[in-house]
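Sequence order for the protein chains is H and Y. Taking the numbering used here, the leading residue of the first sequence gets 1, the next gets one more, and so forth. Taking the numbering used here, the leading residue of the second sequence gets 1001, the next gets one more, and so forth.
Heads up, some of the hints might be wrong.
Once the Cα atoms are required to be at most 25 Å apart in a straight line, the calculated DSS-like pairs of lysine-lysine come out as [what the hints assert, rightly or not]:
#	chain 1	residue 1	chain 2	residue 2
1	Y	K1055	H	K52
2	Y	K1055	Y	K1028
3	H	K73	Y	K1028
4	Y	K1002	H	K2
5	Y	K1032	Y	K1055
6	H	K39	Y	K1054
7	Y	K1002	H	K84
8	H	K30	H	K61
9	Y	K1047	H	K2
Keep in mind the hints are simulated off the structure, nothing from the lab.
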Amino acid sequence: MKAYQDDIAKLEQSDTQVLGVSVDSPAANKVFADQIGVKFPLLSDFKRTVSKEYGILNEEKGFANRATFVIDKEGIIQHIDLGKAAIDPSGATQACSLLEHKRSSQ
Amino acid sequence: MKQRLLAAAAVLVLVLAAPWAAQGTELKVGDKAPDFTLLDTNWKEVKLSDYLGKKNIVLAFYVLAFTGG
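Chain H with its partners taken away, still in its complex shape (with noise of 0.2 Å):
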């Protein structure tokens, strides 16, 4: 999640919210958040009902796997990271700025 804070400047210019997902609890995320210094809003997914929406859940373990997806102001799915990949946050960065440049160049 760190990284995604590193890289907030740039996805705030594509004017784009940022928003960190998991099973923790509120209570849990609010210290996460603070300790790491992440400013975005960190959701609670504590019923896996998201989780399992997005199709991430891991089962098994009972939390999400890791995962990263763009959703354009018309709530469109344009860019999907799994797994390692979603560490890196460049790939959404990218994802966000294409998609203002579409939109103001329209």
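Knowing the structure of chain H, use the given hints to seat chain Y on it.
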């Protein structure tokens, strides 16, 4: 008999394929993102639909708090 065998084979294929199917998301680029309502660190509800028409969203799922990455 032959039909039964075929049905059994089909079931076997499904059972064997299931663990791989469960590995990744079924969602693809171009799909509509499922809406969600989740709690932020102040126990306030955050919805995907709050941002529609306003912001692009980077929805970053992480495994667990207090782990790296």
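Cross-check of the supplied hints:
For the hint linking K1055 of chain Y to K52 of chain H, the alpha-carbon distance of about 24 Å falls within 25 Å, and the restraint holds. Distance check on the hinted pair: K1055 of chain Y and K1028 of chain Y sit about 20 Å apart at the alpha-carbon level, within 25 Å; holds. Between K73 of chain H and K1028 of chain Y the CA atoms are separated by roughly 17 Å; this keeps the pair inside 25 Å, and the hint holds. Taken as a hint, the K1002 of chain Y and K2 of chain H pair is broken in the structure, with Cα atoms around 58 Å apart against an allowance of 25 Å.
Note on K1032 of chain Y and K1055 of chain Y: the hinted pairing holds, with a Cα-Cα distance of about 15 Å set against a maximum of 25 Å. Taking the CA atoms of K39 of chain H and K1054 of chain Y, the gap is near 19 Å; set against the 25 Å cutoff, the hint holds. Under the criterion of a C-alpha separation no larger than 25 Å, the hint pairing K1002 of chain Y with K84 of chain H is inconsistent with the structure, at around 45 Å. As the CA atoms of K30 of chain H and K61 of chain H are separated by approximately 23 Å, the hinted pair is consistent with the 25 Å bound.
Taking the CA atoms of K1047 of chain Y and K2 of chain H, the gap is near 23 Å; set against the 25 Å cutoff, the hint holds.
The structure fails hints 4 and 7 (numbered hints given earlier, in ascending order).
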